Amino acid sequence: MKLDPVLVEILLHKLTAITEEMAITLRRSARTTYVKEAGDFGCALANPDGRFFAYPAVMGVSGFLDSNVGPTMACIKDPEPGDVVITNHAYLSEGLATHMPDLHLIRPIFQDGRIVAQAWDFIHSADIGGGVPSSISPRFSDNFQEGFQIPPTKIVKAGVLNQEFLDIYASNCRTPDVNLGDLRAMLAALEVGERRVRELIDLHGVDTFVTVQEDLASYAGTKALEVQKQIPNGSYEFWDYLDDDFNSPVPVRVRCKLTAQDGEVHLDFTGSDPQVEAAYNIPTGGKRHPWLTLKLMHFIYSHDKTVPLNHGMFDHITVTAPAGTIVNPEAPAAVGVRSATAIRLNEALVGAMATARPGLMPAPSGGIMIPSVLVEQEPSTGQRQVMVLQSLVGGTGARAGADGVDGRDSSLANQRNTPIEKTEEEAAALISDYALCPDSGGAGRWRGGTGVTFTVRIARDGSNVLGRGMERFVFRPWGMEGGQPGTRARVVLNLGREDERELGKLDMFRARAGDTVTIMTPGGGGYGDPLDRPEAEVMTDVAFGYVTPEGALRDYGVVIENGDLDADATARLRDERRSGRGTPDRFSFGPERDAWEAVFDDATMTRLNAMLMRLPTSLRYDRRHQLFTAAIPGLTRGMADLAAAVGDTNAARGRLADAMQTLQAELDRGIF
Amino acid sequence: MGGTFTDFVLADLSGESLSFHKEPSVPHDPSLAVEQGLASLVADRGIAPDAIELIVHGTTIGLNAIIQRRGARIALVVSKGNRDVLEIARLRLPSSYDFTEPREQPLVPRDLVFEVSARMRADGSIDTPLDPGEVADLADKLKAAGVEAVAVMLLNSYSSPDLELELGNALRAALPDLQISESSVIWPEVREYERCLVGGLNGYIQPLKSRYFDRLQERVAGLGIGAPIYITANNGGTLSLGTARARPINTILSGPAAGVVASLAVGKAAGTGQLITFDMGGTSADISVCRAGRLEFTTTTHVGDFPLIMPVANVSAIGAGGGSVLWLDAQGLLKVGPVSAGADPGPVCYGRGGEVPTVTDCYVALGIVDPDRFLGGRMKLDREAALAALGKIGEKLGLSGDDAGVATAEAGIRVASAKMATEITKLLAEAGVDPREFSLVAYGGAGPTHANYLAEEANLTSVLVPTAPGTFCALGAVLADIRRDYVRTARQMITAQGGPGWDVVETIMTELQEEAEAWIRTEGDLVGDHGFAVSFNLRYPGQADEIEIVLEDEARQGLTPARLLELFHEEHRRHYGFDEPDSPIQTSTVRVAVIGQVAPVTLPEAAAATPAPTGHRRIRHRQAWLEAPVYDRAALGPGAAISGPAVIDQADTTILVLPGWSATADRLGTLRLTRETA
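Read top to bottom, the protein sequences are chains V and H. One point on numbering: in our numbering, the residue at position 25 of the first sequence is 25, and numbering is uninterrupted. One point on numbering: in our numbering, the residue at position 390 of the second sequence is 390, and numbering is uninterrupted.
What the hints contain is simulated information worked out from the structure, not anything from laboratory work. The reader is advised that the hints may include incorrect statements.
Distance condition first, Cα-Cα at most 16 Å in a straight line; then the derived EDC-like pairs of lysine to aspartate or glutamate [to be verified]: (1) V:K305 with V:E226; (2) V:K422 with H:D652; (3) V:K157 with V:E226; (4) V:K305 with H:D329; (5) H:K335 with V:D304; (6) H:K335 with V:D4; (7) H:K380 with H:E101; (8) H:K426 with V:E199; (9) H:K396 with V:D4; (10) V:K305 with H:E101; (11) H:K80 with H:D131; (12) H:K380 with H:D370; (13) H:K426 with V:D4.
Predicted model, so just to flag it, every value in this text is computed and none were measured.
Using the sequences provided together with the hints, build the complete structure.
In structure tokens form, the structure reads like this:
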């Protein structure tokens, strides 16, 4: 540390307060519901290189701490005082914007002719044009469908608003008033940031201001390294799956190899699947990126709450994310639903850490975030009204020493929900259920958090229910150290009625008046052997309704007679079950993944992906689809019974081997 | 009433005198301290018990019960499908980063949450009526559960209390011993989780508070005092004991609110309404921003783990109190708080076994607080022990020699002040105001000691220190009017021409006013004239946050929609630097406050006295020792003026005046510290 540590502590508070004041300014006057209800926005101060050295402690999105405005600003040839740069371009910004509704603004702060800091903010705007209202759909196969692309551009030039740009922008989104209101709020926040920085420089001098940026980063880095040293030296591998990529039924695999050496961590995502022709790609620029390291950040912070929030926290992490894969796609791959992949990728990272050392991380949460939306049509006027139904998440995973949290999940965006009464203020439909789902949390010594059941009762014919981020319909949130996986997600029409029907993963479902649509989110994974969960805790779970008496018997071996524990029968049953099996597996994935990997094991997949990567980018996706459907002809999207689709494992392996051999032969002939 | 002392103020309505008294609190039987204190106050001042016309009382027992989760065994009844309203809450978890941070414990455990089919639609119509069979069944279950209180929260009942009342009354008939709180009766505002908590918290503390009020009433009557008792409220007003029994939730945050009320009175006498109140005690410091002499309210406060959406005085905790500890993290950065040494063991200098130095130890080390004159000399402090403990931290900071402890103390004060100042800056930003117009009103045991540091750091130019900072909240209680707020949710669009939305809003205002008027007429003979304030939560359609427009009595009369729009545009411009004059505005809630006047207490004038130092104290400031004259507060009569550095002692606090600042006393004896212009 170059500065006096007392001064550093004082400036840490002052700088954090500046970013929080920016966030206050932005949040209060922004207009989109994404800011209003979900807190989907961010503010920070970046150093001249573009990395954040000050970040709000509580406001906005937590996950963008390691973003980098450097590549965006490198596109601006002649920055000058009073400029503000805008972008939403996933590729030119190298993953600063990770999907197109996210508008990012940067205001360089000059002192004595040089940039000494940069104020940044972002919001998830209501709409940026493209193929659907609000601009996000998993089905988009390239990013031209996802809306209006803004390369790094001066929205303000030396203090003068770029009206020509604003006119073009306003013509390219469905909600220009809301969007322009948001931009004003963002610009106001940046002005506050610059003003406060100037005051700070006046008081402490520019040299101190620049030096403290480095001091704070190295301070964070030192603390983070200490925590990372808990990861034993070695290499650890793990992978997880998206159910499919929407446009094809083929599961998407993300793979993470974590190598730790005295706290230094390298994450290698080689072996992850090629980019997809759907909106699941994560643009990262192939460099260290917030969404490749999110769970490491949570790990560090959970173990040391005094780490200041800045880029230094990531100083001892390096990353390999090969180009052309889903973790570093090439333009024009679509990116709208990249969050679904990011969640899965971070769960793979969790798996690698848990492999390194049991207990280091909680089991995975429900692992989904479904913004569900209702579109109703006014019968007389035909006018359509779009309303947020709910942000649906599952429960959190259990960890050594604690059950998961029921029906809530902070792991990606820690959003607030929409009150039922706020939805019903606008909608004719009623929300008839928003409740925890019993038995959905993965059983374990520590129980996974339950998922939720959410039911909307449709009031108007032709109403559409939309949901995206529909995941974990096939592959379960896995359990750790003997803990069981959580249940999977479901969408059901008219649950409990005669005309009940599984809707599977819905993109948009057109319902009739009187229908109910029920969305069930997955439970979090369990931790530790369920037979080790004390009877009293299981009984409490039953009394509270988190676990049913049947679930207690089936999952925990706890016998309940007429509401009371039968201690003897429980002891007998638990002994019997213990003796009837070996040591529990480190990880329990559920039958679907086991069936899948009996055909598509890691070695085969790694080899297959290496082969696919030798194909031209444009050919990979279709060829990959062909290979999998050749091996598993009955593969359909979101199927509940994957094991049945896989059928005879050996036959499937044979078909896969043939298809791969054909591809190998083509590669060998060099026909591409 | 606080944790350590129960404070008393005796006000002579002629404005001749104020008397103060501190009585040690009796934690296991809080009203006993009230009885003892009243008895000695009455005896000391030679007043006949029946000469007392009014007793105003504030207590933290409701708040403490919520924070420590010692409230009633309570059940919750909700509409079908809504059983997990408290489990899921607003979804967001306390920490986005830290997976070890537990979620809040729900106010009502899940096995005491019951569902009924009864349900309302958003427009107040009935979707599913009450099923009498279900109610009978529910009453049996509640009885079997052995609960003391029941909260009722049916979906959409903010738009009409009828269905909740139907259910509540049916339960009252079946279970007459239970205390029942309907959410729509306590606070009919949209958002089921938040409204559920208002009703739930009310029920949670109601049995406890009822018992407490019973004893209090008995004890006061036992002293021969026949005066009515009023209870201080969260909104800076007071309520009759009857109302407080029915709505104890309205009284839980009254302490901080009373401090702000007293600040406004002192500010008014000193000629300013632009105030930042600064109440620094042992464990924390609280501030609030007041503009134009008005108490500001918030509807986004938290009580323990829970949000509270009723309007309460907008007071925020900003961290360090006198007991906050100094410590170094592994990388050698000096931290202050959030851990507090509390009263026991307390700061090192108390000599009660505390080993970790606190902010109070810093004051002693720097020479500001005289170890022999703390609390008027009632408690001797150990300065050497404080210095030694600070010195240990100093060594690790690379400080050495005799002055290591002193230098550490200075660093600790700088860190604590910087933290608090950033919080002030943020709050001022939230309010959209300029710090230079504001005076800091300092009270609480440590407020006057720390105020000048904070004012310097936060670029404030003026500090007011009232005559009795240690019993300031009690003073606020006797200054307060009767006040209660009413709310209605009204999502209406208003244009300058009015339109149908305005008609709805006008009707709501009239109804609320009638309701409020009917209530205040039952609040006691003591209540004189009453007035109303109306406030609207407004925004441009689709905008993120709302702005509250408050209209006091005069502005309220003959309000036109055009005028309301104009006020909103103006306020929006002030907050955000822009407005949209052509846009209509949307209302979300309408609130009416009724304010009933109680015979006003006039703050008495201070006795004239001429300042003469009683001695000198060596105090450390900016790495140098200064000789600071020491004054007795009582000697600073109206017009007295002194220059910093100076220290002013009084029984309940020590006031520091920094170099570059001067202090003058006004006619009430309020000390005003001002920055001297160079």
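Here is how each hint holds up against the structure:
Between the alpha carbons of V:K305 and V:E226 the distance comes to roughly 13 Å, so the proposed pair stays at or under 16 Å and holds. Between the alpha carbons of V:K422 and H:D652 the distance comes to roughly 50 Å, so the proposed pair goes past 16 Å and is violated. Between V:K157 and V:E226, the direct Cα distance comes to roughly 44 Å. Violation of the 16 Å bound is thereby established for this hinted pair. The suggested pairing of V:K305 with H:D329 holds, with an alpha-carbon distance near 11 Å, which does not exceed 16 Å.
For the hint linking H:K335 to V:D304, the alpha-carbon distance of about 14 Å falls within 16 Å, and the restraint holds. Taking the CA atoms of H:K335 and V:D4, the gap is about 14 Å. The hint holds against a cut of 16 Å. For the hint pairing H:K380 with H:E101, the CA-to-CA distance comes to about 41 Å; that exceeds 16 Å, so the pair is violated. As the CA atoms of H:K426 and V:E199 are separated by approximately 14 Å, the hinted pair is consistent with the 16 Å bound.
For a cut-off of 16 Å, the pair hint linking H:K396 to V:D4 stands: about 13 Å separates their Cα positions. About 10 Å separates the Cα atoms of V:K305 and H:E101, which keeps this hinted pair within 16 Å; it holds. For the suggested pair H:K80 and H:D131, the alpha carbons sit about 12 Å apart, so the restraint of at most 16 Å is met. A threshold of 16 Å between alpha carbons decides the hint, and for H:K380 with H:D370 the separation of about 9 Å falls inside it, so the pair holds.
The hinted pair formed by H:K426 and V:D4 fails the criterion: a straight-line CA distance of about 25 Å is larger than 16 Å.
Violated hints, listed in ascending order, are 2, 3, 7 and 13; each of the other numbered hints is respected by the structure.
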